[in-house]
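Q: For reference, the chains in residue letters:
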Amino acid sequence: MTLIQPVLILILLCAAAIFLLRMRSKLMDRLIVVAFAVTGTALVVSPQTSTEVAHTLGVGRGVDLVIYLSLLGSGFFLLVGFSKLRELEQQLTQITRQLALLTAEDHGAEHH
Amino acid sequence: MVPPGDRHGRDHRIAGGCALTQFDPSVVFVVIPAYNEAQVLAGTLNSLRPLGYRLVVVDDASQDATAQVAARHPVVLLRHAINLGQGAALETGTEWALAHGAAIIVHFDADGQHDAGQISTLTAPIASGQCDVVFGSRFLRADDIARVPPAKRLLLRAGRQVSGLLTGIWLSDTHNGLRALSRRAARSIRLRENGFAHATEILDEVRRANLRYTEVPVTVEYTRYSRAKGQPISNAFNIVIDLIIRKMFS
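Heads up: the protein sequence lines correspond to chains A and B, in order. So the first sequence is numbered by numbering that gives the first Met the number 0: it starts at 0 and just counts up by one. So the second sequence is numbered by numbering that gives the first Met the number 0: it starts at 0 and just counts up by one.
A portion of the hints provided could be inaccurate.
If we take Cβ atoms under 10 Å as the criterion, some of the chain B residues that face chain A in the derived model are [unchecked claim]: (1) V55; (2) Q62; (3) A66; (4) I81; (5) L83; (6) A88; (7) V147; (8) P148; (9) A150; (10) R152; (11) R186; (12) S187; (13) A235; (14) V239; (15) I244; (16) K246.
Across the chosen pairs, the derived CB separations fall in these ranges [stated by the list, open to error]: (17) A:V62 to B:N237: 50 to 60 Å; (18) B:N209 to A:G59: 49 to 59 Å; (19) A:L70 to B:N237: 21 to 31 Å; (20) B:Q38 to A:T102: 51 to 61 Å; (21) B:N82 to A:F76: 25 to 35 Å; (22) B:G42 to A:Q97: 49 to 59 Å; (23) A:L70 to B:I144: 22 to 32 Å.
Worth flagging that the hints you see were computed from the coordinates, not collected in a lab. The structure presented is a predicted model; accordingly, all values stated were derived computationally and were not measured. All C-beta atoms in this analysis are idealised placements derived from N, C-alpha and C, irrespective of residue type, glycine included.
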């Protein structure tokens, strides 16, 4: 076992643990995180597995395959996060608007 | 220049001078979004006051005395707890106006660059039932065009192309804050773009709801204040990004 392997495994498991313990999340999200942690750990422990998969897909090295997939994955999560952000923005707008309408001040009467 | 409406073989513009129908100005609600306009808001409100319209000031969480200045005038004051942007402020004001019986809703800038006297030019085609939405344009009369600073002129023409391509509605002056909407139009148009991209969003909505629209010439005064306060030219980039995101996510 090389030095990098335990480091990577530790980071992976810590990240998964933090997510599962701290973040309030849906069952689906939790399953995805667990799947990621398990797959990640497996790939770190036996790197040749990714190389074999890469070869069957026509990619030169296992590392390359992992990089391609993680790039696509992070792009996807970026988009998901972005649309969530927009959704939150809309909700915040609604709340702010309703508050403004509820607290409307009519300064018309005293000046007429 | 391509006149609006031509692309669809229809001309939405009104030929000649349209008859000014008499109506009660208190059914006209002027929505004035204001963000840090304490210096100039009093002047704007004083110019509007004698005309008898209902004035709705939306304070978009200004850090200065905008709300206090507005409160000294005969207006309805709506206050956003956090800054949302001009589009959101217009939508808030519109919602209030619709709930309180507005027949016509006018969008009017707080910074004094619009001429209160020209509101009647915008409301006339709606009052006479010819149009649902009337846009003010700085590009219909030579002397109005001459007032627009050259760099701004170039930018606005580019904005016109972008909006035209995205919405299929070709106005001579897309990003003009002075416009009027009938009650029917205001009810069918929902602004979800909080920022400045709402100007293009309105066109999208006009097209979607198949509203009748026209442009009328207006004069925009470029004071030192409005030039300093107004949108920096670089912000055009942000507007375009907002529009692209809007097209992707809506």
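Q: Taking the hints in turn, state whether each one holds.
A: Comparing the hints with the structure gives:
{"no.": "1", "hint": "V55", "verdict": "9 Å, holds"}
{"no.": "2", "hint": "Q62", "verdict": "16 Å, violated"}
{"no.": "3", "hint": "A66", "verdict": "9 Å, holds"}
{"no.": "4", "hint": "I81", "verdict": "6 Å, holds"}
{"no.": "5", "hint": "L83", "verdict": "6 Å, holds"}
{"no.": "6", "hint": "A88", "verdict": "9 Å, holds"}
{"no.": "7", "hint": "V147", "verdict": "32 Å, violated"}
{"no.": "8", "hint": "P148", "verdict": "32 Å, violated"}
{"no.": "9", "hint": "A150", "verdict": "31 Å, violated"}
{"no.": "10", "hint": "R152", "verdict": "33 Å, violated"}
{"no.": "11", "hint": "R186", "verdict": "16 Å, violated"}
{"no.": "12", "hint": "S187", "verdict": "18 Å, violated"}
{"no.": "13", "hint": "A235", "verdict": "21 Å, violated"}
{"no.": "14", "hint": "V239", "verdict": "17 Å, violated"}
{"no.": "15", "hint": "I244", "verdict": "8 Å, holds"}
{"no.": "16", "hint": "K246", "verdict": "13 Å, violated"}
{"no.": "17", "hint": "A:V62 to B:N237: 50 to 60 Å", "verdict": "39 Å, violated"}
{"no.": "18", "hint": "B:N209 to A:G59: 49 to 59 Å", "verdict": "56 Å, holds"}
{"no.": "19", "hint": "A:L70 to B:N237: 21 to 31 Å", "verdict": "27 Å, holds"}
{"no.": "20", "hint": "B:Q38 to A:T102: 51 to 61 Å", "verdict": "25 Å, violated"}
{"no.": "21", "hint": "B:N82 to A:F76: 25 to 35 Å", "verdict": "29 Å, holds"}
{"no.": "22", "hint": "B:G42 to A:Q97: 49 to 59 Å", "verdict": "31 Å, violated"}
{"no.": "23", "hint": "A:L70 to B:I144: 22 to 32 Å", "verdict": "49 Å, violated"}
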